[in-house]
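A.B. asks: Sequence order for the protein chains is A and S.
The letter at position 204 of the first sequence is residue 204 when you use the UniProt record's numbering, and the numbering goes up by one with no holes.
The letter at position 92 of the second sequence is residue 92 when you use the UniProt record's numbering, and the numbering goes up by one with no holes.
Some chain S residues judged to face chain A by a derived CB distance under 7 Å, without partners named:
1) GLY321
2) PHE367
3) TRP402
4) ILE510
5) CYS514
6) MET517
Since the hints were made in silico from the structure, they are not lab data.
Note that the structure is predicted; figures quoted are calculated from it, not measured.
For glycine and all other residues, C-beta sits at the position ideal for the given N, C-alpha and C.
This is what each chain is made of:
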Amino acid sequence: MEKLLFFVYSIGILIRIYLSFSDFSTLIADRVEVSTPLNSWKRVIEGVSLYNEKINPYDGDLFHETPLTLVFFSYLTSTISDFYVSLVFIICDVFTAIVLYYTSKIYTANLLKEQSKTKSVYNKEFNKLLIPNNFLIINPVYVFSVYMLNPYTVFSCIARTTTVFNNLFLALCLYAMVKRLRFLGCLSLVLASLPTFYTFGLIAPLMISCASTDSKKKTGSFIITLLTCVAISCSLLYLCYIIMNEWTFLDSVYGFILNVRDLKPNIGLFWYFFTEMFEHFRALFVCAFQLNASVLYVIPLSIRLRHDPLLLATSLLALTAVFKSYPSIGDVGFYLSLLPIHRHLFYFMQQAFIVSCFFVGCTIFAPTVWHLWIYSRSANANFYFGVTLAFATTQIFLITDLLFAYIKREFALKHGMKRMINGREARLMLD
Amino acid sequence: MGLLTDPSVGHGALTSIFVRHHNRFCILMYIASVILFCMLAHDSFSSQTYFSENALLPGLVKGQLNDNSGPSFKDHYKELKAEAQHYETETPHPYLISKFKHLRLETYSHNFTLNYPLKKNTVYTGRNVYGILRAPRSASIESIVLSVPYRSPSSIFPSTLPGLAVMFQIAQFFRQQMYWAKDIIFLVTEHEQLGMQAWLEAYHGTCCGSPGVLNSGKLSGRAGAIQAAINLEIHSEKIDHIDIKLSGLNGQLPNLDLVNLAHRLCNKESVRHTFNNVDGGAIGRNKVNTYYTNLSTMMSMVMTQATGVPDGNHGLFHRFGIEAITLEGYEKKGRGIYVSVLQVGRVIEGMFRSLNNLLERFHQSFFFYLLPSTDRYVSIGLYMPCLVLLVSALFLKAFSAWIQNSSHQKLSDSSSTQSTISEHMHVGVVSGIVLGSHVIGLILLPNFAPAYFTNFWNHIPTHRALLLGYTCVSVAIVCLLPILLKKCLNSMKVSNWVLLHVICLLELGIGLLCVAMHNFSLGYLTALVYVLPAVCTKSSQNRIIVKFLWILVHPICSLFWITAYITYITFPELSIIDYLTKVVESSGQWMALSTVDNMVYGNWAFSIGVLLLLPVWTAFWCLMFLPTNLPQKSKME
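Work out the full structure, taking the sequences as your base and the hints as a guide.
C.D. replies: Printed below as a string of structure tokens:
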């Protein structure tokens with residue numbers, strides 16, 4: 001396994017290094033699927049040079065990162081050359097993969113521990129539903145390889161999108177969840193959510209996983225986590241204020257995300273809808289769409305998946321990646337690499353084949369149709385939107401399938417795989 | 001949402017029906033697709049063409065082009081013919097320039113050079129001449145192009161001098177009018193499509209092919225953004241009919257509105273107009289005849305489009321988002337009523353006046369269509385299902401192979417004592433095969449391999465060297481792979497061939513869909529050829545006939561069959577030996593032409609062959625020779 005891990009590790013790094021320094025990197029960085037107004041490296045550079053020229057980068061409609069990012073990149077680009085900046089991105093990506101590797105390892109170990117405790121409850125018949133011990137070794141390798149070799153994350157890394165850093169903080173947050181480290185969890189969650197806003201929903205799994213098992217202390221623990229997050233966010237925002245000396249960045253970052261001002265096509269669903277819509281309904285639909293993207297699923301899913309915070313985090317990440325206002329394939333790649341963590345659920349998933357076909361198809365179709373639309377001028381926006389719609393539907397199929405697999409597995413563990421009623425096999429209905 | 005919320009673990013009844021009878025379904029889809037495709041030519045599937053863009057206002061004004069003011073067409077033509085006689089193989093540039101200047105156009109010339117990519121230090125040069133008529137009623141924001149390819153008397157193609165004389169006549173007339181709101185560019189190109197490509201690249205300041213091949217030079221004068229272009233190829237003073245040509249580079253088509261405009265105005269000026277040299281309309285034909293004519297017209301359009309080679313200079317405009325068509329006037333042979341050049345001139349006048357009315361660039365009407373007749377069209381929504389049926393046969397096959405395998409695994413899992421939820425696949429060999437076949441494809445791309453082949457066999461002509469090179473590589477793949485696989489691998493798990501099989505099927509399916517989005521004809525014809533063997537292939541224990549079928553559809557063999565067919569059609573009188581040498585020779589020429597097209601114009605046909613078909617073919621070939629190690633014959637119940 002070590003050999004395999006090293007092999008994947010070196011292949012992943014080599015691909016990233018090769019692509020970063022070939023002509024493909026600009027080609028990929030200009031793709032709308034990879035770079036959005038929120039994460040594109042071009043905009044970061046523009047903002048940084050404005051900042052260095054003592055012009056407020058938030059005055060125009062160009063820069064939408066937080067002042068913290070601004071200062072960080074200003075420092076980074078002034079101290080090291082372009083070559084090393086690329087390396088920083090690659091190192092961060094690899095580091096994310098390593099963090100995910102350990103997250104998966106600890107999570108699987110926890111699952112196995114729990115299973116051995118409750119094993120006696122289950123019937124002998126369900127042995128084959130139990131998580132085998134080799135998952136402890138294999139799953140982390142899968143997670144690691146998916147993150148290292150997934151074209152989505154690779155493209156995102158070589159296009160130098162700030163999603164790379166975001167993913168790193170998210171990975172740290174997930175690690176903190178399985179390790180039950182409250183402060184690290186809160187800090188990385190806030191760092192990840194400050195520039196992107198939507199991932200704040202992950203506070204729910206963080207609260208659940210950091211809470212102690214004692215039910216009396218649970219509420220107190222929830223509140224402590226919440227307060228820690230709020231305190232960190234407030235202090236970081238205040239730090240931003242100190243850097244910029246004014247609060248205009250709030251509108252440039254959060255106003256931009258929430259009002260969906262930039263309707264440049266991306267893999268999400270906002271751009272087409274808001275281009276086509278009558279202007280005076282805009283406020284209503286912005287609210288509806290944003291609620292759907294940010295808070296709608298957090299509470300019901302938290303209640304249903306309270307015993308498995310990591311699955312909750314995965315599904316929330318996936319849902320925001322589908323529904324957020326400026327999604328990019330870097331987000332999609334991140335939650336896809338979390339899937340192998342839940343490999344014990346794969347047995348119950350039914351749409352895997354169709355979903356993977358659609359993933360591949362949409363990934364190849366989107367640039368084709370884009371080319372027809374933008375370069376050949378023969379197709380139009382509807383073709384591209386069709387593909388992004390199919391992509392979103394596919395992702396929703398995947399998430400639903402995963403969640404149902406969890407429920408089915410729970411049910412099967414308790415009640416057995418086959419239920420016989422009057423000698424015939426009964427079918428389960430979910431109504 | 002029963003699809004999503006079905007809580008059972010296995011698969012539904014529908015799925016198992018599909019899986020059990022997938023071969024029958026695949027065959028059924030294949031047949032259905034062919035039938036549907038043939039039905040497209042029928043009147044109930046195609047619709048009457050119409051104008052989407054109201055601003056065109058076709059034929060609202062009376063054509064005013066006449067011979068009365070200034071020199072007549074006859075004068076221009078006589079002068080031009082006399083001039084052309086002096087230059088046996090070249091273009092009379094000084095004459096053209098002085099003529100344009102005499103017509104009071106802003107005249108420029110444009111030089112370009114081609115570094116022939118398959119031979120070192122072979123350089124061709126050329127020179128285009130163009131004149132701009134500045135619009136009196138607007139700034140130079142938009143423009144329309146009227147182009148004529150110049151052909152010297154020694155050219156193998158029919159003369160275009162009458163067309164050039166018409167252009168002079170039109171320029172002279174247009175100069176006097178004051179209603180122009182768009183600049184008009186009169187362009188005379190040299191070396192057929194090469195000159196046109198160079199001019200377009202220079203006009204837009206880009207390079208479309210491989211860098212360093214076509215040096216398109218610089219333009220000293222430009223008009224506004226080109227909205228539309230009409231290419232004139234008129235072969236005689238007495239015209240039998242005007243043929244309207246559409247197919248562009250990589251199968252791109254012009255907006256249907258422009259095509260309709262040409263047909264409508266021809267109708268108005270009572271010029272006999274055709275599409276693919278077939279008259280439109282059903283007058284005087286019975287229903288069956290109409291259907292057959294429509295079908296053959298549509299098929300000839302599909303064939304032209306599938307090559308991806310433009311059938312006139314207009315085809316190079318499409319890439320730049322410019323709608324363009326060619327009007328080709330065929331000579332009237334023998335006696336009888338003919339169309340005069342002046343009538344054609346009035347058609348062009350009408351088209352230019354309509355285009356002059358345009359407020360926005362063409363965007364209404366269709367860009368994806370098939371034409372069974374001059375006045376009927378089949379839209380994308382109707383013809384795409386034909387291809388989707390073929391591709392879904394591939395997907396169904398992949399799906400059932402996957403399901404059969406996974407259910408087989410589940411069965412063996414439950415019987416074995418070791419309890420693993422799913423067996424993980426050793427993907428090394430599979431990814432090696434897939435990657436390897438693509439790397440071979442990449443190496444064989446026109447930018448790498450041909451130069452090497454021509455260097456290696458530099459004493460024989462280029463096209464033979466290319467054919468020899470590609471054939472050697474292919475034969476090596478065909479013969480060596482089975483031996484290699486037998487030697488290196490002792491046994492493979494069932495799941496591994498299934499994985500490879502599924503990857504091949506999916507790649508073929510998705511690739512075909514993408515090709516068809518750009519060039520439906522190419523995608524569909526390729527699908528017709530490749531889907532059949534792909535569906536017949538099983539994951540293991542293939543019969544010899546399937547292997548033979550795969551050999552038959554190898555990209556190079558396919559090229560050979562196509563050339564054989566075309567040669568047979570064009571030269572039916574040749575003896576067998578002559579015929580075969582001719583076929584081999586022209587296959588090589590096709591290949592050379594295709595590589596050069598790829599490097600000069602950016603034609604994709606060759607790349608598709610090398611990057612999609614060849615890798616898929618190679619992977620399928622591997623699949624058939626993977627060592628089999630079936631424990632027991634498994635059947636899905």
